[in-house]
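> Here's the letter readout for the chains.
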Amino acid sequence: GQQLNQSPQSMFIQEGEDVSMNCTSSSIFNTWLWYKQDPGEGPVLLIALYKAGELTSNGRLTAQFGITRKDSFLNISASIPSDVGIYFCAGQGYGGSQGNLIFGKGTKLSVKP
Amino acid sequence: NAGVTQTPKFQVLKTGQSMTLQCAQDMNHNSMYWYRQDPGMGLRLIYYSASEGTTDKGEVPNGYNVSRLNKREFSLRLESAAPSQTSVYFCASNAHRDSSVYGYTFGSGTRLTVV
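Sequences listed follow chains A and B, in order.
Everything in the first sequence is counted per the working numbering, starting at 584 for the first residue and increasing by one.
Everything in the second sequence is counted per the working numbering, starting at 803 for the first residue and increasing by one.
Calculated directly from the structure, the hints in this document are not laboratory data.
Keep in mind the model is a prediction, meaning the values are calculated, not measured.
Wrong hints could be hidden among the right ones.
[Said to hold, decoys possible] Quick look at which bits of chain B chain A covers, simulated, 3 or more residues with Cβ under 8 Å:
1. 838-844
2. 906-916
[Stated by the list, open to error] Lysine-lysine pairs mimicking DSBU-like chemistry, simulated, CA-CA at most 35 Å apart:
3. K653(A) x K695(A)
4. K691(A) x K634(A)
5. K859(B) x K691(A)
6. K873(B) x K859(B)
7. K811(B) x K859(B)
8. K811(B) x K691(A)
9. K634(A) x K873(B)
10. K695(A) x K811(B)
11. K873(B) x K811(B)
12. K873(B) x K816(B)
13. K653(A) x K634(A)
14. K816(B) x K691(A)
15. K816(B) x K634(A)
16. K859(B) x K653(A)
17. K816(B) x K859(B)
[Stated by the list, open to error] With the C-beta cut set under 7 Å, the calculated list includes, among others, these residues of chain A facing chain B:
18. E600
19. P626
20. L628
21. K688
In this text, a Cβ means the ideal position worked out from N, Cα and C, and glycines have one as well.
Produce the entire structure from the sequences given, and follow the hints as far as they go.
Here's what the structure looks like:
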């Protein structure tokens, strides 16, 4: 079945630094979503991307839908302690999985004050 | 506006015991999902219900059963719990059959330990 490769698995950064993470797929996706999971909570939708090449921002977060439709990137600028958590990419491909989302394994972000 | 509510939040079971995880949403969503989250494995789909009255297997359905009781409620049952089912379980819902249109809304999870 379709799989997403999300990297890096974990990041330890200093407060104020910028963060980049990405997801790649072996097949084409028509939608990319980025979620954040705070410790002890469920994932919450951050950004949704619907068109190849689309670049969308949500505050300090910026995500892009890759031109090839097989990848997506999430950047966080000027990180702060509350950015700590696990970030998941999710995608919906054509045909397979009956319309259900496929999730990456997550990037765990730790921020040192 | 409660969104997706899961009960219980924590549970410890002995091997072989049974239990039902409850999930309810108040957003009038059509589709509902059960995921499990294990370290390093991300979110894996157990079962889903595209609409009231239908249920389908996901990636890891073995050892579980589900019931879509009505449009609001979707329960997950472990008939005979095993240590391999120790995990965090998330329920999610979506307004539209096409998952990409709105994305999922998740509950806060049930942390299950089987000893």
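> Is the straight-line distance between the alpha-carbon of K873(B) and that of K859(B) 35 Å or less?
Since the Cα atoms of K873(B) and K859(B) sit roughly 18 Å apart, the hinted pair holds (cutoff 35 Å).
> Please check whether E600(A) passes as an interface residue: C-beta within 7 Å of a C-beta belonging to chain B.
Violated - the Cβ of E600(A) stays beyond 7 Å from chain B, reaching only about 25 Å at its closest.
> Is the Cα-Cα distance between K695(A) and K811(B) 35 Å or less?
Holds - the C-alpha atoms of K811(B) and K695(A) are around 29 Å apart, at most 35 Å.
> Between the alpha carbons of K816(B) and K691(A), is the straight-line distance 35 Å or under?
Roughly 31 Å between the alpha carbons, so the hint for K816(B) and K691(A) holds.
> When you check the alpha-carbon spacing of K859(B) and K653(A), does it fall within 35 Å?
holds, 26 Å
> Please verify whether K691(A) and K634(A) have alpha carbons no more than 35 Å apart.
Answer holds: K691(A) to K634(A) is near 27 Å, not above 35 Å.
> Does the alpha-carbon distance linking K811(B) and K859(B) stay inside the 35 Å limit?
holds, 24 Å
> Is the straight-line distance between the alpha-carbon of K816(B) and that of K859(B) 35 Å or less?
holds, 25 Å
> Has the given pair, K816(B) with K634(A), been kept, meaning a C-alpha gap of at most 35 Å?
violated, 48 Å
> Hey, does the L628(A) contact hint survive, CB to chain B under 7 Å?
holds, 4 Å
> Assess, step by step, whether the Cα of K653(A) is no farther than 35 Å from the Cα of K695(A), and give holds or violated.
holds, 32 Å
> Given the hinted pair K873(B) and K811(B), is their alpha-carbon gap at most 35 Å?
Between K873(B) and K811(B) the Cα gap is close to 22 Å, so the pair holds against 35 Å.
Checked against the numbered hints above, the structure breaks hints 15, 18 and satisfies the rest.
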